[in-house]
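> Single-letter residue listing:
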Amino acid sequence: MPQFAQMDWTNLFNMALPWLVVFAAAVISFLAAALVEEEDSLVIPIVALAGIAVAFAVTWQRWLSPSANPVIGMFIFDRLAFFVWLIVLAAAAIAVLLSIPYLKARSFAKPEYYGLILLSTLGMGCLVSAGDLLMIYLGIETMSLAVYVLAGFLRFRAASNEAALKYFLIGAFASAFLLMGIAFIFGSAGTTNLAVLGQRSSEILSGEGRSFFLFGMAMLLVGFGFKVAAVPFHAWAPDVYDGAPTPITVFMATAVKVAAFVAFLRVGTSALRFSGDLWITVLTVGAIVTMLVGNLAAIVQENIKRMLAYSSIAHAGYILVAFPALVNDPQGAGRAILFYLFSYVLMTAGAFAVVVAMGLGAEEHTAISRLAGLGKRRPFLAAALSLFLLSLLGIPPTIGFFGKYYLFLTAVKSGFIWLVVIAVINSAMSAYYYLRPIVVMYFRSGEEAWPTEPMNPAVVAVLAVTSISVAYFGIFPANLLAIVSRSF
Amino acid sequence: MDLIYSHLLSSIIFLPLAGMVIALLIPSRHEKAIRVVSMLVSVAVLVLVAKLWGMFVGTGEFEFSETIPWIPSVQIFYHVGVDGVALLLIALTAFLTPIAILASWNEITKSVKAFHVLILLLETGMLGVFASLDVFLFYVFWEVVLIPMYFLIGIWGSKDRIRAALKFFIFTMAGSVLMLAAILYASSVAGGSFDLVTWYGHKFGLMEQFFLFGAFAIAFAIKVPMVPFHTWLPDAHTEAPTAGSVILAGILLKMGTYGFYRFAMPLFPLAVVKFAPLMLTLAVIGIVYGGLVAMVQPDVKRLVAYSSISHLGFVMLGLFSLDPLAVQGAVLQMVNHGLSTGALFLMVGMLYSRRHTRMIADYGGVARTLPVLTAAFVLITFSSIGLPGLNNFVGEFLVLLGSFQTRTAYAAVSISGVVISAIYMLWMVQRVFFGEATKEENIKLPDLRVREYWVLAPIIIFIFVIGVWPKPWITMIEKSTDAFLTLSKRVEMIVPAPVPVTLNEVKIPQGGE
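Chains as they are written, first to last, in the working numbering: chain A, 1 to 488; chain B, 489 to 1001.
Some hints could be false.
Unchecked claim - Below, a list of computed lysine-lysine pairs in the PhoX-like style, where the Cα atoms sit at most 25 Å apart:
#, chain 1, residue 1, chain 2, residue 2
1, B, K691, B, K967
2, A, K376, B, K520
3, A, K376, B, K601
What the hints contain is simulated information worked out from the structure, not anything from laboratory work.
Isolated chain A, as found in the complex (with noise of 0.2 Å):
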């Protein structure tokens, strides 16, 4: 690799000062573990808020002015590397703030439990600044680790435990598919550099390495189908949502999937849309039976993690409808992925932080029938549940329904237009169990008491961030269609 010798230290360090912030915030993190004495203290959390803050701050500065030349080594310093992993900071705060009254409800607040979050989120801003297969490798591996420490930090509930350990397998399974993948990959081609993959994939496809090449991609496809959950890969996905503590299950459903998400269009506008027909035609079946699987299954479901598990399968498949058009349309299709990327975590994390608002009792509920009456007795978290299953659902005026909107807009105008059709029926399919929520909130009467004690700081900044910004990204999608447009 020649780039390594050339390599320009102070650049590399300007350029992923946000990502060094976040990193030093988790070091920070670990070390003060050792000095602080009490469990519950708020010292952790708060140093890793800050470090986030100061590397969200530092990324919209750097997103504002983009440097000329930003391929570094095997990183990609681009625009669009810079709002995903706004993004993702954004999902790892919600995740930080909402885990605060989620432990001390358990009182089982282990000071290392921030500093894992850090350092997943480290290996999304890896994973998402990305210019080289190894480099997709390694941020996958690094944002895995830590959350499989995470899905099982319960320790004491069984679920945890098994939502770890079958993350644990069936990640490493997927981590094998795609280091094969890349080996692959490597042997027919060469490289391992994404733009040079882009540049040559035609010419390897046409000479005698094209069935070692193909094999390679199929694998890298199957190791993302893993990490964003695509049927059938999706196995794990309800189990580990439902097991895992929930601001962790939040954190897995928004930052982890963008991030994988984004990796995969990385791959995806540079090597793997010369693959032609093949890749089309994969992608549209994966992206059918996806939407297909993910809504049916959330139908029969009686609990709310395990209904917005499968929801959140269901909406892999309505952002992999966009994925065959990205072959004509690379530029039309990835705007659209991002800003529905940007929507569905905003509406993910809003209904999941109403979830942990019904969990910080003694035990956790979950149930869909324990929604019963809450629109009279706490008729704001009703209401923002509502407008957050709304927004899934793709009503307008949310930010939802643009994001959909504008999803399928894309697809057709490359042509996909029954694969449109399949999608929009499947939307309305989705109205069945969205709405069930709403029916047991407000049209029955609950007998069960509810907690009655005001709502969690925290809790209320994430429902009012969120709930704020689906109605208002909703109704005025100008500007940040303009910022997703500069990004990509």
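Please build the complex by placing chain B on the supplied structure of chain A, with the hints as guidance.
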């Protein structure tokens, strides 16, 4: 004030939304204040609509047009404007909403605040649907209407409300997502624009028109509803609270017929030629079938609900006959049905609040105890079955007169619908109001209260006004329906239907939009 007058249409659309915010800010224990505020706001909307009506010229073009860039990077604009038909439906909306609020004054006692917030949100949605000239904007308003109505049925409805609300939602949603796919496709072939006027001028290909018309038509046919998509309607109407039924029957169903009038037919004239026999057949089936099923209903509210299917069949018959008189009759019939069926639902609500039953068998002989209510009910019944001198007669007569010229066979069968409606309505009135009062509960019932006079009087006045002097109403919509016909008959003028034509042979007439 100047700002309001210069953006009169937008002010009308968003005034209810402002009222909703005010209602949200009032603490929920001040129920009376919330009722008064929402009443005042809806009356203010009515006043502004009256002002709009006064300034309306009736050129057949879109008037009071406003265009503001909304999401310009994807060519989405906030573009509103009205022609005569849209204005008529806006007026109907503004007219029925305060009546619905007044009718709920004593009926709605739980979650008063939420109820009025939703009614006002609903009003904004409905007004927006009728005023939108940007298809994306139209879709947004179309979906906005869905949510408050879902809650109105689900929270304040009667026994089986949850199932009815869900059925209503899923049916409508299924139709509208297909419409969304069609909108996306149509805009991508029309150069990315969502402007309706641009779409009117675009030549969609033959197969494109078939598919697009199909998707739009399913969405609208569910809303109208046309047989076989009607099954949500009896449940939703029956379970909804009185105000919900009034708005549902009076305005929401008109969104479907308006959709045909504004979008499905003028945009895809080739498909109209192709599908007209099917649509007309469904309309006629709806007229006869709705009437026959209404006849055997034991529940008054369900009977009125099925009668809506029959009445809306006449509207569809009129639209697809593509005859000037029939189309004018169809548009007038949209308003007439809103008035008379709205009034019927109001009075069923009044009966229910006295006797707490909707079963015909539980009544009998209440005419003696409720003379005024009976008189009003009989009057509305006459209106509903199309007695000359009342509003429905004008509309139905025009529809039949017009459709006899172009679609004789369909019109001939539809006539039976008029007879059937007389049978089921009069039979119901006879069983409910006349005869011996055999049940003890029916002997002592209070007659109309002052508030109820106020609820019914405006509707009854307009029933007479339209029935006796229909000319000004027709004049108002004449130019608009002519423009509609020019657009929708773009094929027939060139090539005798139904020979398949390619679009190259079709000329876009210059006079239209």
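> Each hint: holds or not?
Going down the list of hints, with the structure as the test:
{"no.": "1", "hint": "B/K691 / B/K967", "verdict": "holds (23 Å)"}
{"no.": "2", "hint": "A/K376 / B/K520", "verdict": "holds (19 Å)"}
{"no.": "3", "hint": "A/K376 / B/K601", "verdict": "holds (12 Å)"}
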